[in-house]
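**Q** Residue-level listing of the chains:
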Amino acid sequence: MCLAVPGQVESIHEENGMRMGRVNFGGVVKEICLAYLPDIAVGDYAIVHVGFAISRIDEASARQTLRTFAEIGLLEEALEELRAGDDADALGG
Amino acid sequence: MKHLTEYRDAEQARRLVAEIARVVTRPWAIMEVCGGQTHSIIRNGIDQVLPPEVELIHGPGCPVCVTPLEVIDRALAIAADPRVIFCSFGDMLRVPGSRENLFAVKGRGGDIRVVYSPLDAVKLARQHPDREVVFLAIGFETTAPANAMAVKLAKQEGLRNFSMLVSHVLVPPAIEAIMRSPGNRVQAFLAAGHVCSVMGTWQYPPLAEQFRVPIVITGFEPLDLLDGIRRTVLQLEHGRHEAENAYARVVNERGNEPAQAVINEVFTPHDRAWRGIGTIPDSGWSLSAAYRGFDAEERFAVAGITTTESPLCKSGEVLKGTLKPNQCPAYGKECTPRRPLGATMVSGEGACAAYYNAGRFLEIASGGSGTP
Numbered sequence: 001m002c003l004a005v006p007g008q009v010e011s012i013h014e015e016n017g018m019r020m021g022r023v024n025f026g027g028v029v030k031e032i033c034l035a036y037l038p039d040i041a042v043g044d045y046a047i048v049h050v051g052f053a054i055s056r057i058d059e060a061s062a063r064q065t066l067r068t069f070a071e072i073g074l075l076e077e078a079l080e081e082l083r084a085g086d087d088a089d090a091l092g093g
Numbered sequence: 001m002k003h004l005t006e007y008r009d010a011e012q013a014r015r016l017v018a019e020i021a022r023v024v025t026r027p028w029a030i031m032e033v034c035g036g037q038t039h040s041i042i043r044n045g046i047d048q049v050l051p052p053e054v055e056l057i058h059g060p061g062c063p064v065c066v067t068p069l070e071v072i073d074r075a076l077a078i079a080a081d082p083r084v085i086f087c088s089f090g091d092m093l094r095v096p097g098s099r100e101n102l103f104a105v106k107g108r109g110g111d112i113r114v115v116y117s118p119l120d121a122v123k124l125a126r127q128h129p130d131r132e133v134v135f136l137a138i139g140f141e142t143t144a145p146a147n148a149m150a151v152k153l154a155k156q157e158g159l160r161n162f163s164m165l166v167s168h169v170l171v172p173p174a175i176e177a178i179m180r181s182p183g184n185r186v187q188a189f190l191a192a193g194h195v196c197s198v199m200g201t202w203q204y205p206p207l208a209e210q211f212r213v214p215i216v217i218t219g220f221e222p223l224d225l226l227d228g229i230r231r232t233v234l235q236l237e238h239g240r241h242e243a244e245n246a247y248a249r250v251v252n253e254r255g256n257e258p259a260q261a262v263i264n265e266v267f268t269p270h271d272r273a274w275r276g277i278g279t280i281p282d283s284g285w286s287l288s289a290a291y292r293g294f295d296a297e298e299r300f301a302v303a304g305i306t307t308t309e310s311p312l313c314k315s316g317e318v319l320k321g322t323l324k325p326n327q328c329p330a331y332g333k334e335c336t337p338r339r340p341l342g343a344t345m346v347s348g349e350g351a352c353a354a355y356y357n358a359g360r361f362l363e364i365a366s367g368g369s370g371t372p
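Top line first, the protein sequences correspond to chains A and B.
For the first sequence, the positions run 1 to 93 when this note's numbering is used.
For the second sequence, the positions run 1 to 372 when this note's numbering is used.
Since the hints were made in silico from the structure, they are not lab data.
Not one of these hints is a red herring.
On the chain B side, residues computed to face chain A include the following (Cβ under 7 Å):
(1) S117
(2) L119
(3) T142
(4) T143
(5) H194
(6) A259
In this text, a Cβ means the ideal position worked out from N, Cα and C, and glycines have one as well.
The shape of chain B in the complex, shown without the other chains (with noise of 0.2 Å):
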C-alpha cells in the first residue's frame, strides 16, 4: 500500500492535515458514506495521517455489499434457468448467497456474462431473441440513470426477451435510518459525490436541518476526501450543521436532469432491505407501473424466495459504523476475499475488503496476528 506522503500532492497533503489539526479541539466521528470514498481513504492511508481525534466511520455506501442475501438467492435461482442468459457487474459474481454463489452456477453450466454497462445486456437480448436476458440491476442513484435508460431503450424497441431484476438503494434515507438508529456515533457525513453528480445537492440542506448533522458532498481522490474532512470538522468545530459542496467541479445543485427526468419515469420509490441491517422505508427503487412487465422477479415468479443471513458475520455493525471490520471476530479468518461470509469482504469497495487488502490486522486477537 502506498500513503498519502509519498504523491506528487505530498505538500497540499500535509497542509490540509495540517489545517485540520489545528482546527480540532475536541473527538468527532465522522461518516463517509461511499464505498468508493472507504476504499481511497484506505488505500491511501488517509485515517492514518488524520489527528487521532477525528474518527472516519465507514459507511453502507457500496452497493454490492447492501444487496440483500435473498436478492442474491433470487438471482441464483434465476441464473440456473437454462433458458437464461444472466447478465451482472463482475463483483456481484462471488457475492456469496445463502447457499453458493453466481460462479457456481457458471460453473455447473449457468450462462452467466459479465457486463460493463447494462446496455451490453440489452445488446445481448437484441442478438439472442430466443433467449431470456436478464441483468442484475443494483446500485445507488449513480447507477441509476444507466439502469433505468437500458429498460426505456428495451420497451422502446419491444425486447420482450428482457428483464430486470432490481435492488436499487438510495442515499438520503441511509443518512436517516443512520441517525435515527439507537447508539448512533455519526457526528456528520461525507456525502457521495458522483451520486450528486446525478441527483444534486438539493436533498441534503434539508437533512442536515432536521438532524442538526453537517453534510458535506464530497470527492473520492486523496486531496478531495481531505478538503472534505477539514470543511466537516471546521462545521463541527464552530457548532454549525450545514450541507456544503466541497466538489464543485463535479456536482452541482441541480444535478444531472435529463437523468433525473428518466429515473423518475422508469422507477418508483420502495421499501428496501439492506444487507445486514434490514428494511429501510422508501429507501430503493423499483420499476415504476409502466415498466412492471420488464420486472424479473415477477416473469420468473422468484419473488417468494426468502432467505436468513449467517449469524457468524458482523456485515450490518460494520456498515452502520459501530464495528470496524477488523474488529470483528470473524475478519481474516472464518471470513477472507477467497471465502467471504459476507458482502463486506467481496466488493473491492467493501469496508473489510478494504480492511483486508490494505493488510489491516485483527484489534481483537492481542498482537494482531490474524491476518496475511
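So here's chain A without its partners, still in its complex pose (with noise of 0.2 Å):
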C-alpha cells in the first residue's frame, strides 16, 4: 500500500468544493484529490499515493519510473490497487 505511483493530469475539476483531476497511470484513468498540489496543471506529471497527488515529477522521470514499474511487474500490483476503489462502488450499489 505504500506504493506511489506517477500520473499525468488529464482534466480537473472541482468536486464538494475539493480541487480533482481526472490522471492517467499508464492507461488506467482515476479521479485523484490534487489538493495538495494547488499549481498543478493539465499535461503535468505528479505522484499520487492512495488517491492523492502528493508530489509533481518532470515528465522524463515519470516515464522512467512508470517503464522500471512495468518491468518488474510493480505496475500490474499498483493498477490493481487502483481498481479497488471501483470495486467498493460497485458492492456499494
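Both chains are given apart, each in its own frame, so use the hints to dock them into the complex.
**A** In C-alpha cells:
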C-alpha cells in the first residue's frame, strides 16, 4: 500500500469543494485529489498515493518510473490497487 | 524473480555496484527503513549483487506489518457490528488478529469493503446515511495527508456516520528507537523517499547529528537504491554522518506544506505501539481534539480490547533488523503467506513475504529445504 505511482493530469475539476483531477496511470484513468498540489496543471505529472497527488515530478522521471515499474512487475500490482475503489463502488450499489 | 543484471539499466547498475565495491573497505550494516524499498531490493536481488561487506537490514517501514494486534482486534470487533460498513486498504484484510482476520468476518456476512483511497470511504458514508462507515486509517507520513483530508471533508460535510480507527506511525521516532535499542547493529539508514515527499528532509539532519549516523533519503527503483547505498557507503567510509537527499527529483527540504498543514490540523502526536516492537513515545498520530468526534475507537467503545502476540512469531526481531526472515524457525513452516503468523508475512512490503515470494530459502534448516 506504500506504493506511489506517477500519473499525468488529464483534466481538473471541483467536486464537493475539493480540487480533483482525472489522472492517467499508464492507461488506467482515475479520479485523484489535487488539493495538495495547488499549482499543478493539465499535462503535468505527479506522484499519487491512495488517491492523492503528493509530489510533482518531471515527465522524463515519470516515464522512467513507469517503465521500471512495468519491467519489475510492479505496475500490474499498482493498477490493481487503483481498481480497488471501483469494486467498493460496485458493492455499494 | 528477475535480477538486476537483466534490465535495460544494467550498465548503469553495474557501474554503481562497481563504485560501491571500489570504496568499501570493511563491513557495514545499512537499514532501509521503508517496506517498499525492501520489496524492491528483494525483488531485484539488489542485496545479492552488493559486495559482501555491505549488509542490508530490513526496517520496520511497512505500515501493515507494524499495526499492533490490538488494533486489528478492535477493527474485527467494529467490522462485525451489523450497523457498520468497514473500509480498509486491501492488504489489511488478511492480517491475523488474535483469533481471525477481516476476511473471516466478511465470510460471516460482515460488510467489509476494500477501498483504494480514504475518499472512497467518505463517498460510501454519503451514499449510506443509515449506516456507520468506518475507515481503518493506517500508514506512515505518506498516507497521512489522504487520511487527514478524508476526516476534514467528513467534518465539513457534517457526515456524522463517518469515523476512523487510526493507527498512524512516523519514521523519525522509529529511527530514534532503533538507534537506542540494546544490541542495535544499524550504522546508517536509507530513509523513505515518499515519506519525505510529504514531510521534507528537515527532520533528518538533527537525527543524523544526534546519533552520528548517516541518513540518505532514497527512492525505490533499482538505480535509486544503488545510488542511495553508494552515497551511504561513501559517508561511512569517510566518517561522515549527514542527512543527504539522493531522491531530489521527488523530495525537497520543506516537503508538501499544504499537506503538512492539514495533517497538523487533523492529527496530534501520540504514543503508538508497534507490532513486535512495543510502544514508542510520540511515534504516531491520533485525531486532534477538534476531530475526536470522528474517532471510531470511542464511538464503538473498543479501546478496552488489548491482546498479546504469538510467541512463535519473531516479526519484532525481523522489524528491528536483528533477525533475517529466513532465520526465523517458523519461516516457510508454521508461517507462510497463506497461513501467516505475523503481519510481516502478509503484506507484499513485509520482509518475510518479500523473502518468501522471491523463493529465499530457510537458513536455519541445513540444505534449506523449507521453502516452496
